[in-house]
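Chains as they are written, first to last, in the working numbering: chain P, 206 to 316; chain R, 44 to 152.
Among the hints, a few may not be true.
Mimicking PhoX-like on lysine-lysine, the simulated pairs with C-alpha atoms at most 20 Å apart in a straight line are [what the hints assert, rightly or not]:
{"#": "1", "chain 1": "P", "residue 1": "Lys-275", "chain 2": "P", "residue 2": "Lys-258"}
{"#": "2", "chain 1": "P", "residue 1": "Lys-275", "chain 2": "P", "residue 2": "Lys-262"}
{"#": "3", "chain 1": "R", "residue 1": "Lys-99", "chain 2": "R", "residue 2": "Lys-85"}
{"#": "4", "chain 1": "R", "residue 1": "Lys-110", "chain 2": "P", "residue 2": "Lys-262"}
{"#": "5", "chain 1": "R", "residue 1": "Lys-85", "chain 2": "P", "residue 2": "Lys-216"}
{"#": "6", "chain 1": "R", "residue 1": "Lys-45", "chain 2": "R", "residue 2": "Lys-85"}
None of these hints come from the bench; they were simulated from the model. These numbers come from a predicted model, not from an experiment.
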Amino acid sequence: DAGITQSPRHKVTETGTPVTLRCHQTENHRYMYWYRQDPGHGLRLIHYSYGVKDTDKGEVSDGYSVSRSKTEDFLLTLESATSSQTSVYFCAISEGRETQYFGPGTRLLVL
Amino acid sequence: QKEVEQNSGPLSVPEGAIASLNCTYSDRGSQSFFWYRQYSGKSPELIMFIYSNGDKEDGRFTAQLNKASQYVSLLIRDSQPSDSATYLCAVSYGQNFVFGPGTRLSVLP
């Protein structure tokens, strides 16, 4: 994950507050993804982007929005955080149909 | 709903043995198949990918794909304690990836 950073790495917030997670890449890859990982569920796709300002929903998109105004940055916003959104969030990048490379993850706790 | 299934484990093997990890997928339109390793508290890292039916070898790892049976496996030869991790199977459909829940492998010294 040398070319991918996520910030913050850890966050504790309260129910009802907005939260924004940032993913930054230096690889100039076209595709960027946000996943959440929970015990027993594996990695589930929240949203993905296939270019600047081009995004689409994944399997578990309710309660989340994304934006990509630059190739290198992909933001995930929890509009009003709930306890069910407590999770580990991973950003990933890819180019073409090749494999995805993952960032280090963000641990989010919603109280 | 595209699904990828794996036994959650834990799968325990003695050091030096062959570990066999299995994965099935539901959609015949799947294009590419991946195995990731994830250590506790870390992000997934790619081990291998395979596109065509048959076997693909990389060092101690062999991926096997059978599209007719919708089945992917990963063999780890000469298993080491450092191989102890959760192994994620992933399947791609165009630019989307679907992951299985992972199999926890424990290699006993």
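Right, here's what the structure says about each hint:
{"no.": "1", "hint": "Lys-275/P - Lys-258/P", "verdict": "8 Å, holds"}
{"no.": "2", "hint": "Lys-275/P - Lys-262/P", "verdict": "19 Å, holds"}
{"no.": "3", "hint": "Lys-99/R - Lys-85/R", "verdict": "26 Å, violated"}
{"no.": "4", "hint": "Lys-110/R - Lys-262/P", "verdict": "28 Å, violated"}
{"no.": "5", "hint": "Lys-85/R - Lys-216/P", "verdict": "17 Å, holds"}
{"no.": "6", "hint": "Lys-45/R - Lys-85/R", "verdict": "26 Å, violated"}
Going down the numbered hints, you'll see the structure goes against 3, 4 and 6, while the others check out.
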